[in-house]
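Got two chains here, separate frames each, mind docking them using the hints?
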Amino acid sequence: QQQVKQSPQSLIVQKGGISIINCAYENTAFDYFPWYQQFPGKGPALLIAIRPDVSEKKEGRFTISFNKSAKQFSLHIMDSQPGDSATYFCAARYSGGGADGLTFGKGTHLIIQP
Amino acid sequence: GAGVSQSPSNKVTEKGKDVELRCDPISGHTALYWYRQSLGQGLEFLIYFQGNSAPDKSGLPSDRFSAERTGGSVSTLTIQRTQQEDSAVYLCASSRTSGGRVTGELFFGEGSRLTVL
Chain U
1 QQQVKQSPQS LIVQKGGISI INCAYENTAF DYFPWYQQFP GKGPALLIAI RPDVSEKKEG
61 RFTISFNKSA KQFSLHIMDS QPGDSATYFC AARYSGGGAD GLTFGKGTHL IIQP
Chain R
1 GAGVSQSPSN KVTEKGKDVE LRCDPISGHT ALYWYRQSLG QGLEFLIYFQ GNSAPDKSGL
61 PSDRFSAERT GGSVSTLTIQ RTQQEDSAVY LCASSRTSGG RVTGELFFGE GSRLTVL
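Residue numbers (our numbering), protein chains in the order written: chain U, 1 to 114; chain R, 1 to 117.
For reference, chain R alone in the conformation it holds in the complex (with noise of 0.2 Å):
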């Protein structure tokens, strides 16, 4: 398909497990970012990938939570220890960028909801 790729779509995990989640962009999208959503809360940013740049990573809410993205495409969000408090939808995006800015438009996955029991 044309759009976001993501998986699992659905993840339930026992507290303490580690979990991956993956996010597939667009082709030719430089730009990739990872969301959090809490039942019916807003968006929480977590980790932005821009091309060849050190990713921004101020968004991580604890040092159990790390990502990465390979060859400038496919990108894998591990959450370690996973906690209660990690239940949510997590929602990559991505985008065109123009002389390294986002063009405005992001493109997001469906979403991967992750229930940690």
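Next up, chain U with everything else stripped away, as it sits in the complex (with noise of 0.2 Å):
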């Protein structure tokens, strides 16, 4: 129930192409979802996150979309670059709080070929 599905497990884009990355979750009491980008030898950051009472979050090439109704989100990069190459996990948080309050989907290798 508090599971996020994330799928790709990996990905090749070339330069210039648009990378997209779906997760989908069952539990409606998810109120938050971020994404976060985990560059080799690093910890993960946050990259964009949205709220479900909106469709869509850009910020520069970096957009979600998300269907509330679906209960699916996703993460596209556009003119995805070589520096873009990293691990991108979805995450969800869970309006009941505690522990388990932020959920993580088990990440995509995104690889930008130049």
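In case anyone wonders, no lab produced these hints; they're calculated from the structure. Incorrect hints may appear among the rest.
As the list claims (entries may be wrong) - Derived lysine-lysine pairs resembling BS3-like cross-links, with alpha carbons at most 27 Å apart: (1) LYS57(R) - LYS106(U); (2) LYS42(U) - LYS11(R); (3) LYS5(U) - LYS57(U).
Remember, it's a predicted structure, so these values are computed and weren't measured experimentally.
Right, dumping it as structure tokens:
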């Protein structure tokens, strides 16, 4: 119920292309959906986040699309660059709080080919 | 620095030895998490501290793992009698909370890479 399913596990995109990573959830009590970016040897860092009362949030080349009825959200990286190569984790915050208040997807390893 | 600090950054130990990993969270962050990340894998939740509440230890994989948080700040993760399968990167994260709820933005340290020979 508090799982977040992320796909694909790995993704290769040509430079300049659009990278799309998808996540789906079941629990309607999730109320905040962040995406984290992790470079090799570093800890994950918050990239962008959205609340379920909006359908889209854009920050530069990064956009979250949110479909509340389908219980899905996705990260789009426009004009993908080699520097975007990283592992991306979607997450969801459970409104009930507690230790499991933030549930992570299993991650997508993104490679942008020059 | 203003970020989450973890030490050591790398630790190589022999099977059966005990290890301690330290996390110094961002000042004022009441929530603290430990995660484990095996090579190329996702984030495995281990333990959560929130203020003065009893920690949530539901993610600890065995009784060889324990953690404490002193004075609501620094945390130590201890692994006793290490096994080869304990080899991983151990990540610490801290967060502000509001009304007992994590804000959703976790600040991660760079991790402690543990190798058990």
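These are the hints, each one checked on the structure:
no. : hint                 : verdict
1   : LYS57(R) - LYS106(U) : holds (21 Å)
2   : LYS42(U) - LYS11(R)  : holds (16 Å)
3   : LYS5(U) - LYS57(U)   : holds (20 Å)
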